[in-house]
Amino acid sequence: QQPVQSPQAVILREGEDAVINCSSSKALYSVHWYRQKHGEAPVFLMILLKGGEQKGHEKISASFNEKKQQSSLYLTASQLSYSGTYFCGTDGTGGFKTIFGAGTRLFVKA
Amino acid sequence: DTGVSQDPRHKITKRGQNVTFRCDPISEHNRLYWYRQTLGQGPEFLTYFQNEAQLEKSRLLSDRFSAERPKGSFSTLEIQRTEQGDSAMYLCASSPKGLPNEQFFGPGTRLTVL
Numbered sequence: 031q032q033p034v035q036s037p038q039a040v041i042l043r044e045g046e047d048a049v050i051n052c053s054s055s056k057a058l059y060s061v062h063w064y065r066q067k068h069g070e071a072p073v074f075l076m077i078l079l080k081g082g083e084q085k086g087h088e089k090i091s092a093s094f095n096e097k098k099q100q101s102s103l104y105l106t107a108s109q110l111s112y113s114g115t116y117f118c119g120t121d122g123t124g125g126f127k128t129i130f131g132a133g134t135r136l137f138v139k140a
Numbered sequence: 191d192t193g194v195s196q197d198p199r200h201k202i203t204k205r206g207q208n209v210t211f212r213c214d215p216i217s218e219h220n221r222l223y224w225y226r227q228t229l230g231q232g233p234e235f236l237t238y239f240q241n242e243a244q245l246e247k248s249r250l251l252s253d254r255f256s257a258e259r260p261k262g263s264f265s266t267l268e269i270q271r272t273e274q275g276d277s278a279m280y281l282c283a284s285s286p287k288g289l290p291n292e293q294f295f296g297p298g299t300r301l302t303v304l
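Chains as they are written, first to last, in this note's numbering: chain A, 31 to 140; chain B, 191 to 304.
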């Protein structure tokens, strides 16, 4: 079951904050976040595991609400380099199969 | 460069032809994934390997798709009797042993079926 991301797109000015949400209809074991720039491969940002383990990345952080089967990605003081499409990937089995959402397109302007 | 590599980077073929793509993962990574991505969508899971064992294959895949990882190192993805709907970017990723972890993506193979 593909996770649902919201919003689908967001436009920010440099320095503004953004939140991207990812929700699943199934229980989650892990949530991955990736950023993909146009014409490039996805690049890992962080992973959150059931039980609270988290890996971070620069000024970007995330939360994982296991009960609500949701994760949120927080981008603070956005920079032009944050522009791209953000994908969450989820796994509900404790295995290694990752199902990605449709993405949130983020555009940061000067 | 010790990242994930894919070959070829671009492939144009005629409908009905067979194509094969290769992925070389990061050498110490034991898990290897194949995804398909179309414009405006996220990577769509196709299959993954742990060492040489194919542990899961998407039910979305028809019998025309097959993947191998014969010695637990490089992998190949073959599409038989290609259709126009197979046109997409095919991405390979690898990840190290242990808990669910970062997946390192290769640059992809862009397939165009005429």
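A couple of the hints might just be wrong.
Pairs of lysine-lysine, BS3-like flavour, derived with a Cα cap of 30 Å [as the list claims (entries may be wrong)]:
1) B:K201 / A:K98
2) A:K127 / A:K97
3) A:K139 / B:K287
4) A:K89 / B:K247
5) B:K261 / B:K247
6) A:K56 / B:K204
7) A:K98 / B:K261
8) B:K201 / A:K97
9) A:K56 / A:K67
10) B:K261 / A:K89
11) A:K56 / B:K261
12) B:K261 / A:K97
13) B:K204 / A:K139
14) A:K98 / A:K80
15) A:K97 / A:K139
16) A:K127 / A:K67
17) A:K56 / B:K201
18) B:K201 / A:K127
19) A:K80 / B:K287
20) A:K139 / A:K67
21) A:K80 / A:K139
22) B:K201 / A:K80
23) B:K204 / B:K247
24) B:K261 / A:K127
25) A:K97 / B:K204
If you are wondering where the hints come from, they were derived from the structure by calculation, not from laboratory data. All of these numbers come straight from a predicted model, not from anything done at the bench.
Hints, verified against the model:
1. As the CA atoms of K201 (chain B) and K98 (chain A) are separated by approximately 43 Å, the hinted pair breaks the 30 Å bound.
2. At roughly 21 Å between alpha-carbon atoms, K127 (chain A) and K97 (chain A) fall within 30 Å of each other, so this suggested pair holds.
3. For the suggested pair K139 (chain A) and K287 (chain B), the alpha carbons sit about 39 Å apart, so the restraint of at most 30 Å is broken.
4. Proposed proximity of K89 (chain A) and K247 (chain B) is contradicted: the alpha carbons are some 36 Å apart, above 30 Å.
5. The straight-line distance between the Cα atoms of K261 (chain B) and K247 (chain B) is roughly 19 Å, inside the 30 Å bound, and the hint therefore holds.
6. Restraint check for K56 (chain A) and K204 (chain B): the C-alpha separation of about 40 Å exceeds 30 Å, so the hint is violated.
7. Using a Cα cut-off of 30 Å, the hinted pair K98 (chain A) and K261 (chain B) is violated, with the two alpha carbons roughly 41 Å apart.
8. A distance of roughly 45 Å separates the Cα atoms of K201 (chain B) and K97 (chain A); the hinted pair therefore is violated under the 30 Å criterion.
9. Of the supplied pair hints, the one linking K56 (chain A) and K67 (chain A) holds, its CA atoms being roughly 29 Å apart against a limit of 30 Å.
10. Straight-line distance between C-alpha atoms of K261 (chain B) and K89 (chain A) comes to about 40 Å, which puts the hinted pair past the 30 Å bound.
11. With a CA separation close to 35 Å, the supplied pair K56 (chain A) and K261 (chain B) exceeds the 30 Å bound.
12. Straight-line distance between C-alpha atoms of K261 (chain B) and K97 (chain A) comes to about 41 Å, which puts the hinted pair past the 30 Å bound.
13. For the hint pairing K204 (chain B) with K139 (chain A), the CA-to-CA distance comes to about 41 Å; that exceeds 30 Å, so the pair is violated.
14. With a C-alpha separation of about 12 Å, the suggested pair K98 (chain A) and K80 (chain A) falls inside the 30 Å cut-off, and the hint holds.
15. In summary, the hint linking K97 (chain A) to K139 (chain A) is not supported, as the alpha carbons are separated by about 36 Å, beyond the 30 Å threshold.
16. Between K127 (chain A) and K67 (chain A) the alpha-carbon distance is near 23 Å, which keeps this suggested pair within the 30 Å criterion.
17. For the given pair, K56 (chain A) sits about 37 Å from K201 (chain B) by alpha-carbon distance, which is inconsistent with the 30 Å threshold.
18. Of the supplied pair hints, the one linking K201 (chain B) and K127 (chain A) holds, its CA atoms being roughly 27 Å apart against a limit of 30 Å.
19. Under the criterion of a C-alpha separation no larger than 30 Å, the hint pairing K80 (chain A) with K287 (chain B) is consistent with the structure, at around 18 Å.
20. For the hint linking K139 (chain A) to K67 (chain A), the alpha-carbon distance of about 15 Å falls within 30 Å, and the restraint holds.
21. This hinted pair does not check out: K80 (chain A) and K139 (chain A) have alpha carbons roughly 35 Å apart, beyond 30 Å.
22. Distance check on the hinted pair: K201 (chain B) and K80 (chain A) sit about 40 Å apart at the alpha-carbon level, beyond 30 Å; violated.
23. For the proposed pair K204 (chain B) and K247 (chain B), the alpha carbon gap of about 26 Å is at most 30 Å, so the pair holds.
24. Straight-line distance between C-alpha atoms of K261 (chain B) and K127 (chain A) comes to about 21 Å, which keeps the hinted pair within the 30 Å bound.
25. Annotation: proposed proximity of K97 (chain A) to K204 (chain B) is violated, straight-line Cα distance about 49 Å (limit 30 Å).
Checked against the numbered hints above, the structure breaks hints 1, 3, 4, 6, 7, 8, 10, 11, 12, 13, 15, 17, 21, 22 and 25 and satisfies the rest.
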